[in-house]
Each structure stands twice: as structure tokens, then as C-alpha cells.
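Colleague: Residue numbers (the numbering used here), protein chains in the order written: chain A, 98 to 1146; chain B, -14 to 505.
Keep in mind the hints are simulated off the structure, nothing from the lab. The model shown is predicted, which means the values in this text are computed figures rather than measured ones. From the three backbone atoms N, C-alpha and C, an ideal C-beta is built for every residue, glycine too. Some clues are possibly wrong.
[Unchecked claim] These stretches of chain A come out as covered by chain B in the derived footprint (C-beta under 8 Å, 3 or more residues): (1) 329 to 342; (2) 761 to 769.
[Unchecked claim] Once the Cα atoms are required to be at most 27 Å apart in a straight line, the calculated BS3-like pairs of lysine-lysine come out as: (3) A:788 x B:22; (4) A:711 x A:788; (5) A:778 x B:113; (6) A:778 x B:22; (7) A:711 x B:4; (8) B:112 x A:778.
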Amino acid sequence: MQKFFTKRKNWLFSGIGILIACIFSMPVQAQTKVSGIVTETNGDALIGVSVMVKGTKTATITNAQGKFQLTIPAGSNTLVFKYIGFQEREIVVQKPTDLKVVLTETRSNLDDVVVIGYGTTTRRELTGSVASVNMTDLQKAPVKSFDEALAGRVAGVQVTSSEGKPGSTIDIVIRGTNSITQNNSPLFVIDDMIFEDPNGGVTATVNPINSLDPNDIESIDILKDAVATAIYGARGSNGVVIITTKKGKAGKPVISYDGYYGISESNKRMNLLNGYEFVKLQNEIDPVRTKSLYLKNGALTVDSYKDVAGINWEDQIMRTAAMQNHYVSMAGGSESTKYNVSISNLKQEGIIINSGFNRTQARLGFDQTLSKKLKVGATANFAKTKLYGTPTSTTNYTNSLNLLYSVWAYRPVTASDDLDLLHNGTDDETTGDSRFNPVLTTNDEIRETYTTSFNGSAYATYNILPSLTLRVSGAYNESIRDVETFNGPNSRSGAYGNYLVSGGKIFYNSTSWANNNTLTFLKRFNKKHLVNAMAGLSFEEANGNNYGGYSTNLPNPSLGIDGVKQGTPNSIYSGIYSSSLISTFFRLIYTYNDKYSFTATQRADGSSRFGDNKWGYFPSVGLTWQMGKEKFIKDLKVISTAKLRTSFGKTGNNGISPYATYSSLDMNNSSGYMFNNTDNKGAFLGALGNKGLKWETTDQYDVGLDVSFFKERITFSADAYYKKTYDLLLNADLPTSTGFAAAYKNIGTVRNRGLEFTLSGDVIKSRDFKWNSSINISFNRNKVLALTENQSYKTTAVFWGSQWDNETPYLAQIGLPLGLMYGYIYDGTYKYDDFDKVGNTYTLKGNITTNGKTRNDVKPGDAKYKDLNGDLLINDADRVIIGNPVPKHTGGFINNFSYKGFDLSVFMQWSYGNDILNANRLILESGSAYSTNQFASYASRWTPENPNSDIPRALGSTKNVYSTRIIEDGSFLRLKTVSLGYTVKPTWLKSTIIKSIRAYATAQNLYTWTNYSGYDPEVSVKSSALTPGFDYSAYPRAKTYVFGLKATF
Amino acid sequence: MKKIFYCILISSVFFTSCKKFLEKTPKDFLSPENYYKTKPEIDAALTGVYDMLGKSGTYGRYLFFEMDQADDSYVGLSSWTQDIALYNAGPSDAKLALTWSNLYEGINRANVLLERVDQSSIKDSEKKVAKGEALFLRAYFYFLLTVNWGDVPLRLTSTKSTADVNMKRTPYKQVYAQIVSDMEAAADMVNPITNYTYGSRVTQSLVWGILARVNLKMAGAPLKDKSRWAEARKWADKVIKTNIHSLNNDYSDVFIKLCSDKYDIKEVIWEIEFNRLNGTQNEEGSLGSINGIGTSSTTIGYSYGAKKTTEAYYKSFGTGDLRRDWTINDYTYAATAPFARVPILATASLYTRSDAKFRREYEANSTKFNGTTTINFPVLRYADVLLMFAEAENEVNGPTTAAYDAVNLVRRRAYGVALGKATNAQADLTPGLDAIDFRVAVRKERSLELGYEALRRFDLVRWGDFLSAMKNAANEISTKAGTNSYGSRSGDNASSRDTVFAIPSREISLNHDAVQNNGF
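Full structure from sequences and hints, please.
Modeller: If you want it as C-alpha cells, here you go:
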């Protein structure tokens, strides 16, 4: 891309140069013929460099190979080389032929090339808000894919990973949540291929980000405001992330290796009650049973368990896991042919046994200049991944089915020496829940996802005129995802339940292609007017299908998943979809005098996903003013550059399934009915179609300021934005008396506004010691302005345990932020003062509220909630907003130090002011069931001996409610990446084939400062716009230490 | 000129192909516009309407467990704190919402079929039957709705637009009128029961029998339209006069047959069938697993045994009444294999006994799933028809011989007397009762004969006895049940509002014209 742009500029100047040469070259006596080549520092030829004989009017320009030839008049011997973006150079001609001139670039931040949609521009001319990720910094993190390292790198981009499992969902949200029920993922553009939602969606059977080694990425540019994103029209609302992969460069082949090996371990352990504390609690819950079971009818006392070690189930299931990645690449080429190949292999074990992520990936790219006018190129990426391990938090049916519940709640001690808890599948003392030996079940379950993906793209550019370039590109993607499930005889569902040993596979296949055609006009008129115009036409199509089967009661478990055919068929899956998009787009960037720049874009998108409203139109405009060029700022020596930007535009979101506009006639396993003991298939209207659906639209306004000080040593950037998203594609609730629970409608409005600041600079810049620092911070405020007809608020339940299905801990209400936590205010425990004591009976005083139980049942030590309306009852009317999961601000702070050969990079990331709903504590800090171990914090519960405690007594919190008790501050500051490296002096390597070598040690997630009591504050296991920040049985986050070596040959 | 022509040609080809390119029709599901044409399609659509009878929210569980909580049982799950069965659930309760949505989904499916069936290519005679069945089912869904909620939105056309959300609750009087007129129309369209060998189809006997039930309800609370007694009598009599139906000699065999997937259409006129297609709650039911005789044995079939009896109900059975020890268990199962029957000691608290009408030991399947069963639910039995006839006959003509005969037929079977007209002193109802005493007797007989069959709460409400019966039961449980006295909660919590349930809050918040029932 960079080359592409530079080249076009070259043509502009070559035109001017030829003109100059024609007019001014005059025949002179005693001439010397001089010839040579002009290149960049990396050896690439520079085309269109003006070469002038000093003091004369004789001049020429370099040709497509960077070569020049001219005749020096007598008496002259100095040549002047001029080229935009490069430092001017004078050369005294010593020998007339084979002159080799190297020009170095003038480095101004404003000359940085920025990738925008369907083209590039420079920071100078950029009117939009586009953030470029510092790849050098990002690539230091030992992560499988770049999204895991993106959090905190860029202002305005919030990255949340749902939990710590390798390969778990990562949500990237740019400038706040727009959509209520639909996807909020930005659009990903990888080379020429567009992906709407890497975590699923229509074009991503396989997450394309997981298929990419971070080492292969050349640049990541994040488009945030409307003038930048509107060129992607109907899919630009949530921002755009453009990823450009590395390309070969002219020169000798460069072979590089980057590999690391390291270990991961759990960041934190949840402390649980020890054996003694556990038995003490059992005695409080049920003294009769405990007496016979644990106390052997008086032969033992609770104190007898003080010396019993007990089982630490966490130790049983966690491990120190290995992580390694090896990446080898070769790149090189001649001026006309450039190539790059790379392969990599990654193995990341999870810190819970039998889980992890593996990837093998290969990449190939080449660029070929065929003629002065024609250039072609192609890239191909092939990747296979395997993601495995029992998910810890995905089961919705009952809370006790989730893995970590079994780890935490399993009893640490038994009353019998013969009872081998570690090797028995179930514990006879456990009744009424689905607890199962977590080690056995994890080892005997298969939850594996295999993916294979191929991405290929090719392009051709043709310079019709020096200022007019046609670019035609095509991209193709083919993906297969194979999801395998198997429950062996020692797993929970294999030993228990209705299906016993069971298993199945589902295959998801998808292919998609895209064709982009753009015509770019780039020309400078009268030195002052620079016009960069682009018009384009693109076509895209995505096709997919899935099929699979599942069978139960497998007779021969030893055959594993391959014996599925012998079981009882249970479910068969099939599906097919197709979706297409046609777009035309236009962009004009006009720059006057390098001072004022104006951008206008217009895109029309036609999508097969919509019925009567297939076409949508998305305009935008932007303006910049290089204030730095004005005299009043030039005079302030402190400021080196200053730029003011403003933009407005409309963008869309089309995040619905391909056939959402259709009513569907469904038939499935559960829609039938029996007549005469024979099953009959039933047909029914499964979805109420809406042919009138159209794009969701966002209006966005942005004002930005980019300033640099002290010769650009310090740069500062600020943005303020206001976004209003309306006609939301809402899976809107319908009153069920219509016969439907929900249907897609364009209804509802959400507003986001925010501020973003980035400050970076070279704090110390001496010869040996350098310290570079960058900090960014973002503030986003979100508000729901409208919901579906009649709806002033919408409460949402979280399905993680059937006994909680009736409670709705989340609220979306007009006038308030989306997804607030909603429930009761916890008021500590009932104290003795709250009761009248008659004999040994405590009766609640008349002016004290109940807690949902009948008054007579309320006992000292029970959980108490605030009665807000004074009716002395706790019911729906006493619920209020109890937490806000949206952070007040988020940000990142990076410091890079280098001293001679050593480099140190320290990256910190934070989130401030967000709340987490810690549902773990509802179960594990409640003492509501016998034989269920609890968190260590429950040792200080209310007991008659500890009557001031505000933690409810055993059996004191039986009502299932969400309250402020389990809402916790999720603010954190994380020391995310620390990398220390040493680069061997090049002089030492002279006699070897090694060109450079750097050895490094990196720690990831090294330390987190937080008050959150759970495993990790970066958590959202039921991640959606309506239910953020929910923690139940989340996979713990690992800290990773790796040692690596990076070498080039 | 030629150039212009080609330009136009090329661009028009381009735009047409663009248009085609953007047309993507679904291939893995059908569009409703192209359906409802052939016999198999109409059959499948009709099956889809029947489907809603067997969901968790309907006869899969709630209608006979949570929503039939009355004075003959208590919820034997002490861990429950809030539930519709405890009469302390709010409008946001998920069970209420599910039953409501199941029933309306059935109504919409029926409406779609009724609108489309005329355009199908099937024979007129087949059309008539399909329409009759759909019409009856829609009316029956409305009957369940109005019995449980009072005024309900009466949607008689299918929902066609996503904006079609607001609708006022239609006064129950109007809803009943619609139910009666639809069922009467359906009665002349559906087949006689003799066309089938099984009892899950809508047939003439069934429609007539349910019409008797609807009219009984209309004669009682809340409508209290006395003219309906005669109607109820008429429809019940029509069923009797078919001479197709008769009682099974053996009371327990009625239920054993239901457990073991055998049909007896003489007695069981309408049963909801459950299957084990995929072992999910949606196709299997909870009959015999949420209630039944509690056991964790998977050989017998896991049962919570969560519907426990009350002392008053147990004792209301007369000496020699064989129905008692079938309705309420007199044995439990041993905790270990072979899970032998263990008789319950006479000294044990009566409150440990359960609703045992449906016993999984008779379930037909060799492998039995935990939590779900394939036991069919009897919605209408011939015994019910006889008792409905007797009740209505007494209200219209007094305790006539016909009324006596009907009750005695039921009672003689209950006491093991061979069927026939022979009198039996022990079994027969005291002769010579006046109309008021006869009413009391026939009401009691309904409770004895039809206990735990999703009719007790229905009967109590229409007789106006619901609240007093609940309070009496609570009183009894809290004084006599000892460690099971928590079982008084349903009665303790019940108040005058509870003759109907709360309108689900979701309906209230999304349907602007709907208002909440009093007291919720």
C-alpha cells in the first residue's frame, strides 16, 4: 500500500519533471554524460526523483527503474536530488557512470502513511480519526492473535475478553455500544477481504484473526469517525479495523526467525473453606446429619478436622501450562519481483487441564511489476487451528453444571477414610445438583473445534494515465470448522443423565469472495491544489452450510467419537445460507496549499439481507485545517505541527442473519406431536418476517486536534465525538399474545458520546539511552434514547442456573446507559436488635421489613434487603439500579526504554469505574446447601458468636435475588506486557551468517491491581450489550512468562 | 448510435444481473407463502397446533402441577420460596409467561392454518376435518387462557406484522361466547371417535365433552350464567347417548394404560400424548416424574414425588373406595436394587404420601429419562362426562334417577362392583338426597374420581370455594403436618386475587392496551 501511494505521487512529479526537462534543456558545449540510480535506504528504486544540475536549469527525473541519465554542461559538477518526503541531497560527480544515490526520508509524523478504506493517505491530508497501532510494541506480547494484545493500545477502542480460556471470545468495541441486541463488532478488513464479525457472523465460519500470526501483520489502522468509516457504508457503524500484512522488499532474501517458549500459570486462586471450616459449616446447616456423618455420632468433634488436610480441588485441575510459538519467514526480491513466505506453529496450553489452542499457519505473497503501467500481486494464507477444552461457563441450564462449580463446591474432606473422592465420579453426599468430579470429567470429555481456512487475494494495478490508476482486486476465503463433542464413560454426562456416553460432530463450511474495483485520480494542480479522488465498485458474496449429527447411548465408548454411528441418533443438523452485497463508492480529498483539506465520501450499498429496502446511502464530509502552517502558530516555536479536524457522516450496521426479513416455516424435533404412538412432524411459523427491514443508521460528529511540540518530540491528539444510532436493528420483544416472542424491527435509538486523548513523546533521546512513552485515555458515555413501541425499559435475565431464570439483573431503560445492573440493596444481616425475644423465639419487630420470607421465618443472621417503599415487604418494587458495568474511563500506558543493545518495554492497561456482577458469590458465599463447600470469605459469616457480621448465616440467604452484596468494583490496572530484550551488536556478528539477533524475556499479565474478589476483573461470560460484566465460573486468566529469540539471516 | 445502444444494453444487463445477485432466498426452510397446499402439508401444520398441548407450559407440566395447586395437595419442595404454586409469584414469573406464550403460540398456529387451509388442494371433506380440529384447538387454548387469566386479548386472525402488538383484553364473557360458538361449529366438522383407535385426536365425543366442561364453567364463577347448566347437561348427554363410551372396570387400569402407552378410548376420550423422540422436556412430559412416587431409581424411573397429599383429602375417601390407594400411594420403593415396594406404615404421617396416579414403574420405555416421561395425560375421561352430566342434571332438574345413575356408575367402579345397573349399598350414593345435598355429593365425587387431573382448582374456582378451601387446607397442614408444615405456604399466601393469575409483565409492558389483573 505504501509503495502504491508513493508511486502515484511519483507519476505526478514525473509529469512535472518531464515538462521541466523539455523546456529547459539546452545544447551546451563540453558536456559530460552522467547516469545512475536513485534508491531508498532499503534499496527500493525511487521513481520520479527530480535530478537537477546545480546552478543550471538542466534537469531530469528518474524512470520506473529509478535510473536517470543527463548531460552536465561544462563547469558544473554538482547534482541536486529532490523528492517529496525525502531529504534533498547534493552530490559532486566524481565518476560519471553508475552513480548510486541513496535518499533518506524526511520523517515527519504528518508524512506517515495511513491506510484508509480502498487507499492510503498521509497524516497531513487525513481528515478522519484514524488510529494506527504501533506494531513494534504490540508484537512484543506473547499472544496467539493480535486482538489479545490490543486492549489499551488505542484510545476509543475497548477490548474485553470474556474470560481467560485460550481462544475465548474477544469483543472489540469502538466508541461505545451502538446496537442493543445485534453485533457491535467493528468491520475487519484483512488485505482485500472483509469480515463482519470475527466471532461468528456470516462470513466467519473461522475466526480470521485467529488464523493470522501477529508477526505477519505490517500495520493495523483503526477507523473511528464517520468520514473514515463511511466509505464502508452499511457496515461502518461500529468502526473499521484495517489489517495489512507484510510484503516482501527488494534486496537480498532476508530470513527471520522469531520463537519463544514459556509457561503460563493461574493469576490467582480462590481460597475455599478448609476441612475444619467446612465441617463447622455443615454442622450449622444440619447438625443432625453432621452428627451421624462427620462426627460419627459423637466419636469425633468438629475440632477433630483441624488436622485433616483435605483436597484442594483447584490444585487438581490447574496446571503450569506451556506456551510456544515458532515463526520463520523469508522475504526479498528484485525491483520488479518481490516475495514473502512465512510459516508458524503455535501451541498454547490452557491452565486448566486438557484445554488449549494450537495453530499451524503458512503465508505466501508476491508482487510483480509487469510493465511501467501494470503491476500485479497476490497473497495466500493457510491456517489450521485446534481449540480444545471443556468450557467453564457456558452451561445455562443449572449453575451446578458449570465446571468451576464442581471445583469449588466439591467437599474437601469426607468422614470416611475409604471414600476416595478423587477417583469417584460422584459424591453420594451430593444430592440435588449436577456436581461431578471435575478432574475425571475434564479428562474424559472432548470439546474440540478444528478449523481450516484458506484466504487468498490478488490485485492488479494499471496506470491508465500518470495520475489515474485502476486497481482491480479479488479475494477468496474458504473455511471449515469442525466442532466435536464427546462424553466418555467417566465424564459427567457419560456417567449420569439420560444420554450416557454420547457424542457428535458439526461441520460448518463457508466460502466467500469479494471483488473490488477502484479508479484513483491523484494530481496536483498549480502546486496549490492537490486532488485525490477515488471511485469504486465492489461485489461480495458469502455462502455457507453446516451439517452434523449427534447420537446418544453409545455402546462402545472405547471407539470414542468415531463410534457415534452405533448410538441412538439424537439430532441431525443442516443449514445453508447465502448473502451478497453490491457497493459503489466515491471519495474526494481536496487539499489546498497543504493547509486545508476537505474530504467527501458517498457510498451506496445493496444487500441481499434486506427485502424491500435493499439499498442504503451513506455520505460523509470532513475538514482539516493545518493550523501549524499559519503564521500565528509558526511563530510559537514550541509547536511544530497543529491540525484541527472535524467530520460528520452516516454509517450503517447490517448485522442480521441473511434471511431475517423472511417469515420462516419451521419443522424441528420438538414441533411434532404423537398420534397413536407414532411421531408426526409439525410445521409452524417460526419467525415473523419483516420485509421492510433496513440498515441501522449512525450519525456521527467528530472534532479532533493533533498537535506536536518541540520538533515533533511530543505529540498530542484529542478527539470528541457524538454518535446517535437510530432505526436500530432490534430483535424487538413482542407481546407473546401475538404468538411470537420477538421479531426484527428497525426501532430504538442509542447515543454515545466521548472523549479520547493520546499523548506520546520521547522523554529522553540521548545517543545511548532512549525513553519513549505514550499514554491514552478514553471516556465514553452511553444512553438509551428509545426502545421498541410501548417499552420504557427492558429487563434481561441471565441464564446460568434455572433457579435464577426469574430474576432479571440487567436493565435497559430510556434515559440511562445500556445494560445496567438491577436488583435489591443489600442491607447487611438481621441483628438481634431487630427482633423481640420471647423465650427462645425471635420475632421480627413490627417496624422491620421481611426479606421475602414470611415474617415468622426470618431469623437473626439472615440476609436483609432495603425496603424502599416502606411496605415492610421485599418485592419487585424495591429493586433499583445497583451497578454500572461501563467503565468511566479506560486506557493504556506504554514506556519503551533502550540502552545500547538493551530494550525494555512496559505496558500497562486500565479500566476504571466499571462494576462486575459476581454471581459466584451467590452460590459460594451463601451457605444454602449441605455438602457444598464455600469461599474462604464465608468463614466470617454471621454466627451467634460473630453477631456483627454482614455475611448471612448458614441457610440465611435462601431467597434467590441479585443485590448490591455481589456487585463489585471491577476497576483494575494491569501490568500487561513487560518485555526485556538484548540485541547483539552487529559488529560481533560480522563473521557469521546472522544479520541481527535479539534475545528477550517477556511476561504477560504480570500483575493486576484490583479490588475484585473473583479470578480476574476482565470478565464478561455472558457477553452481550444487554448483559455485560457478568462473572460465573469464568476460566481464570493466566500469567505467562516466555523466553524468545528473534534473528534475521 | 450503435455505441449508445450497446451502452444501454450493457448497463441494463448489468442492473438486472445486479438485481438477481441481490436476491437470495432461503433454502433450508420453507416460506409460509408456498406452504399449506397439500395433504401432508396441512397435516403437518395441524400437528404443529397440537404440538402446543405438550409443552412444559401446558400439559407437559404446569397445567397439572403448578397451576392446579389446590386443597388436595401441597408443594413438597421445601426449597422453593417463590412460585405460582405458592401463590406468591409476581407478574414477571417465568412459568406464567411460558404458559401464556405456549397457548398464544398455539392460537396463532391455528389462525394461520384456518386462514390458509381454504387455498389448499386437499379434498373438501379433509378440509372440513382439519378446520374443525384447528377451530376446536384454538377455542380450547382460549378456554385455558380465560379460565386462568379472565379477560384475555382475543386474536382471531394470525399476526402478520411486527407492528401488530397492541390489543385490549377482551371481556371474558365475549371470550366464552367465542369459545362456545367455535366449539359448536367444530363439533359438526370433526370425525366421530370411532374413526380412530387412539385418544389424542380431536373428535366429536371430545368436543361435546369439552363443551359440557366449558358450559359448566360458564354456569359458575365468574360468569355465573345459570342458563348454561342446561347446555352443559345437553352436551354431556350427547356423549353418553353415543353409546360408544363406557368405564373401564378397573380404576387403576385407566392410569396404567396411560403410563404404558395403551389406548382405551371408551374411557379416555382425550389424552395428550408424549413421546421420547429426543428426550427433551418439550416432547416428553413431567407426568409421573415431578409427581408420582418419589424414587431416585432409574429402573423404576426417577421421580421427585413433589405433589404431596393432604390428610383431609386422604381421609375423604370412603372405606372400600379403591381409588384412594391408587390416587395416593400406600407404598414406596426401597432405596437399593431391585427397588422393591415397601408398604407405608399406617402410623407414618399422611403428609409423606404423594399424588401417585401416574407411576413410572408402568412406563413403557426400557430406558427412562430423569425428569421426563412418556406418560400420557388424560384431559377428558368418560367418568368426568358422567359426573358433569350429574352435576348439570341436578342443577336443571334436581337429583333425578338419571343424575343418580351417572354418579353411581362412577362409584360402583370405584368400589370394585361389576359394571351394570345393579345397586350396591356400599358403593351407591345415599338415595333420596335433596338437590343441595346432591350437589355437595357430586362435587365431592369429582374430587375423589378426578383428583390430581388438573381439575381441582378449576372446580373450586367455578364453585366459588377456592379461597375458603385453600385456607382450610393451610390450617390443617400447619397444625397437623409437623415437619412438613411448610406445605401450608400455598394456602397461607392465597388471597382473593388468586382465582386468576397475573398477566405476564412482558405482555403488560409490550402490549400498550393490556392492563393487569386486580391485586397483582
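Colleague: Each hint should be assessed against the structure and marked as holding or not.
Modeller: Structure-based check of all given hints:
1. With 0 residues carrying a beta carbon less than 8 Å from a beta carbon of chain B, the stretch 329 to 342 of chain A misses the three-residue requirement, and the given coverage is violated.
2. Given a C-beta distance limit of less than 8 Å, the hint that chain B covers the stretch 761 to 769 of chain A holds, as 8 residues qualify and 3 suffice.
3. Restraint check: the Cα-Cα separation between residue 788 (chain A) and residue 22 (chain B) comes to about 23 Å, which is no more than 27 Å; the hinted pair holds.
4. Restraint check for residue 711 (chain A) and residue 788 (chain A): the C-alpha separation of about 10 Å stays at or below 27 Å, so the hint holds.
5. For the hint pairing residue 778 (chain A) with residue 113 (chain B), the CA-to-CA distance comes to about 21 Å; that is within 27 Å, so the pair holds.
6. About 16 Å separates the Cα atoms of residue 778 (chain A) and residue 22 (chain B), which keeps this hinted pair within 27 Å; it holds.
7. At roughly 10 Å between alpha-carbon atoms, residue 711 (chain A) and residue 4 (chain B) fall within 27 Å of each other, so this suggested pair holds.
8. A hinted pair counts as satisfied when its Cα atoms are at most 27 Å apart, and residue 112 (chain B) with residue 778 (chain A) qualifies at roughly 19 Å.
Of the hints listed earlier, the one the structure fails to meet is number 1.
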